[in-house]
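Just so you know, the protein sequences line up as chains A and B, in that order.
If you read the first sequence in the working numbering, its first letter stands for residue 1, the second for the next number, and so on.
If you read the second sequence in the working numbering, its first letter stands for residue 1, the second for the next number, and so on.
Simulated from the structure, these hints should not be mistaken for lab results.
As the structure is a computational prediction, the values presented were derived from the model and not from experiment.
Using N, Cα and C, we set each Cβ at its ideal position, and we do this for glycine too.
The reader is advised that the hints may include incorrect statements.
[Claimed, not checked] Across the chosen pairs, the derived CB separations fall in these ranges:
1. B/VAL273 - A/SER73: 38 to 48 Å
2. B/ASN81 - A/GLU127: 52 to 62 Å
3. B/LEU124 - A/ARG67: 43 to 53 Å
4. A/PRO16 - B/ILE217: 43 to 53 Å
5. A/LEU298 - B/PRO202: 12 to 22 Å
6. B/GLY115 - A/THR58: 21 to 31 Å
7. A/ARG67 - B/ALA87: 55 to 65 Å
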Amino acid sequence: MDRKLELIDLKKAYTPKVVPVKNISLDVQQGEFLTLLGPSGCGKSTILRLIAGLEQPTSGRVMINGRDVSRLSPGDRNIAMVFQSYALYPHMTVYENIASGLKLRKTPHAEIKDRIREVADFLGLHELMDRKPSQLSGGQRQRVAVARALVRRPDLFLLDEPLSNLDALLREHVRAELKQLFGSQNAPIVYVTHDQTEAMTLSTKVAVLNNGYLQQLDRPDVIYSHPATQFVAGFIGSPQMNFLQVPCDDGNAYVGATIIPLPKGSTTPKSIVLGIRPEHVHLAQGQNEPILKGEVFLTENLGMHDLVSARIANATGEAMNVRAILPVHSGFRNGSTAGLAFPIEQIHWFDTTTGDRISNNPSPMMA
Amino acid sequence: MTTVFPDAIISKKPRAKIGRKIVLPMAIALTVIFCLAPILWQLLTSVKLNADIAAIPNVYFPTRYTLDHYRELFQRRPFLNYILNSAIVSFASTLLALGVGAPAAYALARLRLQGERWILAAVLIVTLFPPILLFLGLLEVVRYLQLGNNYLALIIPYTAINLPLTILVMRSFFQQLPKDLEDAAKVDGYSTPRMLLEIVLPMTIPALVTTGILTFISAWNEFIFALTFITREDMKTVPVAGAQLGGASPFEIPYGPLAAATVLGTIPLVLLVLFFQRRIVQGLTAGAVKG
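Can you build the whole structure from these sequences, using the hints too?
Structural data, given as structure tokens:
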């Protein structure tokens, strides 16, 4: 049978005013890796806990493999979860930790042994089997926690920021490991993180959340190339996208002395938000592109590139900041003037009040 | 902000060294002597001959030793019996306090109860209540329930007096216990009772031992209730028995047996704490979550 997870109009309210999850509907199919991404407090962990059954939804349903599990206890949902703190039982050995879920489900002893051996092979845990969690390093604990989930062969994997307690180098390593590990799993995976790199590299689908609302649900590359709202555009991508609120009329936006044509068919009020990623701004080379003159006031060396911040004046004389990723040694000193080109196809337009994307080319639909 | 010049730092160093090498150990030694002197005095008195105890000037460190005082406690008086009585009462009230207090503390820490603050305030008020004020009322209760000369007459009040402390200490312990572990257990498929017994309880043992020792000590040392509610000679506890040691005549104070009784009454507590100390420390260093 196909394995899948569906959330139908899921809502969680603690009080009428505190509503961390607001009517979320989404589904995750077999073999899909969904990441719930958002700043802290956006409700992503609460959604995960609702799926796990550790919290009860105020309304809405959680369906696993077409079965409504909203009223079932976590243990009866056949899910496995990896916690941010790993949550290994401190008084049990690694072996007992991994075996605990299987033992409770009355799996035959021989099968438990086989399955654990298989998982231990997979993750290289054999020498650690008799140790207690306190005798393990952070990375090892993390792998034991993953093993405890894998050995269960559940209908659904839930991962709650499993990498956030690792140091930067190890995190990169384990991230790659996780991708391979869970890539070979059939069950759908729901992963919670606030780290956009993890979301982009691991997932087949990303759900960006803010304030309890689902902002966009799409493939990672689409989220990057066609952000649905200004929030998503600002949250995904580092350094952050430049946003310039500029005046406009029916066909054009006016950035200082420069006129940039708006997408056709869009009807807009007096002003509009122009968004462009720093990596898409480049030095003017006389092509047929909108060019803005800016006064450089900060150059940060990122190693591969320079991150150059420049001040440009808009029509009313207010200063606006634009950051651009430029080749190293582009030779700007503070105070020098740079001609920055904004390629039209890389410009995103957003509604000033709602933050919604304004576009005549709809995003390539998600698979 | 003041600027500290390098030479100022250097000139300070020797003084700091003297402080650490001489003043600090001396201060520690003085503190230890100050605390231990009365106990040491009792210990020495309990092994002195009667002549040395009464000698003027004082014999601080005797040259002759005797175990007569201890022998007297066990041969002429049923001191072993007193110790057993104390042990029964103290163990029973400790177990009862933990058995009732720990679940209460868990509920207060984990459930979102209505009026939780009022419950906690009520619990706290009980700790502020002087037991001596309860005493007369309790006497009536004991008489009414005909619990006089029954261990229960001591076990129940001792448990009640120590419950608030148990609840407060255990509650703060449960609050710092990572909730993730319980969530993980639920996802793993543990039922709530099994989760409590197999996951929460093993992690709680250090805290149980710590609060248990406090309850035990307070029950072991209690005097007034034990004096009033128990009149049968063979059911008396150590503090009462010790206080009732008398000489052959009203003018004789049996310093030796008194000192011996003090030492005997203290030793079980010392052993208990020493035995469990390791456990407490071990428990505190176990790594459940990220290191």
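In rising order, the numbers of the hints this structure does not comply with: 5
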